[in-house]
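Student: From first to last, the protein sequence lines stand for chains A and B.
Under the numbering used here, the first residue of the first sequence carries the number 250, and numbering increases by one thereafter.
Under the numbering used here, the first residue of the second sequence carries the number 45, and numbering increases by one thereafter.
Don't read these hints as lab results, they were simulated from the structure.
Using N, Cα and C, we set each Cβ at its ideal position, and we do this for glycine too.
Just so you know, nobody snuck in bad clues.
Derived list of chain B stretches under chain A, where covered just means 3 residues or more per stretch with a C-beta under 8 Å from a C-beta of chain A:
1) 49-56
2) 63-77
One side of the interface only, derived from the structure: several residues of chain A facing chain B at Cβ under 10 Å:
3) 260
4) 274
5) 301
6) 309
7) 350
8) 353
9) 358
10) 391
11) 393
Computed spacing ranges between beta-carbons, pair by pair:
12) B:75 to A:309: 22 to 28 Å
13) B:77 to A:267: 24 to 30 Å
14) A:280 to B:71: 23 to 29 Å
15) A:313 to B:50: 35 to 41 Å
16) A:311 to B:71: 35 to 41 Å
17) A:273 to B:73: 18 to 24 Å
18) A:315 to B:75: 37 to 43 Å
19) B:73 to A:392: 17 to 23 Å
20) B:71 to A:328: 34 to 40 Å
21) A:294 to B:75: 28 to 34 Å
22) B:71 to A:317: 42 to 48 Å
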Amino acid sequence: MFAAESRAICRYICDKYADKGNRSLYGTDILSKANIDQWVETDGQTFGPPSGDLVHDLLFSSVPVDEALIKKNVDKLAKVLDIYEQKLGQTRFLAGDEFSFADLSHLPNGDYLVNSTDKGYLFTSRKNVNRWWTEISNRESWKKVLEMRKNA
Amino acid sequence: MATPVTIYGPPLSTAVSRVLATLIEKDVPFHLVPIDLSKGEQKKPEYLKIQVLISISVLVIAIFIPPFTYSPPPLTLNSPLAKYQLLKTRASPSLVNYTKF
Chain A
250 MFAAESRAIC
260 RYICDKYADK
270 GNRSLYGTDI
280 LSKANIDQWV
290 ETDGQTFGPP
300 SGDLVHDLLF
310 SSVPVDEALI
320 KKNVDKLAKV
330 LDIYEQKLGQ
340 TRFLAGDEFS
350 FADLSHLPNG
360 DYLVNSTDKG
370 YLFTSRKNVN
380 RWWTEISNRE
390 SWKKVLEMRK
400 NA
Chain B
45 MATPVTIYGP
55 PLSTAVSRVL
65 ATLIEKDVPF
75 HLVPIDLSKG
85 EQKKPEYLKI
95 QVLISISVLV
105 IAIFIPPFTY
115 SPPPLTLNSP
125 LAKYQLLKTR
135 ASPSLVNYTK
145 F
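For reference, chain B alone in the conformation it holds in the complex:
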């Protein structure tokens, strides 16, 4: 039994629902961890770490697809790059950013 894909993000987000629809079309088992943006859950330290690490957009917090798993982030929240990325994702929530780092 393969490890299912894990998605952290609110299903109301367009980015998250695009990924969910694709997983369902492809019949890939997945686990959704909804994050309530209205409660500021995305700002919890454990998600901020993931957000900086994966850096998809403010609305898809993270997606883990085997064999990729969570490992300690290469950046700290205090680094200028991390601050810039968080600022950028917050400033333009309708846009998705970044490729890799």
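Here chain A stands alone, though its shape is the one from the complex:
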């Protein structure tokens, strides 16, 4: 029986269908996989919690917004994105110069923050993050997901 959180499911899919589609999505050797994993962990543990909380509180919560909590999460996210800004000044994508699952994993929360809240400046005000975000959010795969949302 298989059960896992969504990032683990995605990694399983990448390994199970290693020879299909985008073959380098989750690396082609153990070194590139480890490098990708490092940034997937960063998403899951550092980027994900404040951005997920912001998305939930600003878009999906049924209780009034707690401004102090919003500020706390914005500050946390800003610190993470400062590190991303530095990294993305060195490489085109998070795990190197190829698009990988590490980048993809940031799309769901990032998309809501950039396109559905007033916190998009956290991305667009950082030069390298903005370049990276523009490139990854324009992937055909992500556009298809957004289409599926419209049609759901």
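Given the coordinates of chain A, assemble chain B onto it according to the supplied hints.
Tutor: Showing chain B alone in chain A's frame:
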């Protein structure tokens, strides 16, 4: 022709859309069964069973990847563990929980 992956969950959820984007990048055929959380569809008995069984998060209800298929759950909804898991997933919908059981 391989059996496509089946996903039960709302595409508006961040967890579901992460999985969908990965499947599309990998060119893997899949079947999406959207579940409308606003109508409480995730609480239908057939989905609750899956949710307890697969226990991914309240937002990705379940994903079946061949050769894994649905089989009778090892837990019942009345078991303390199942109740705890449902409570936990409902209490923190922005978090994803669990590894395996």
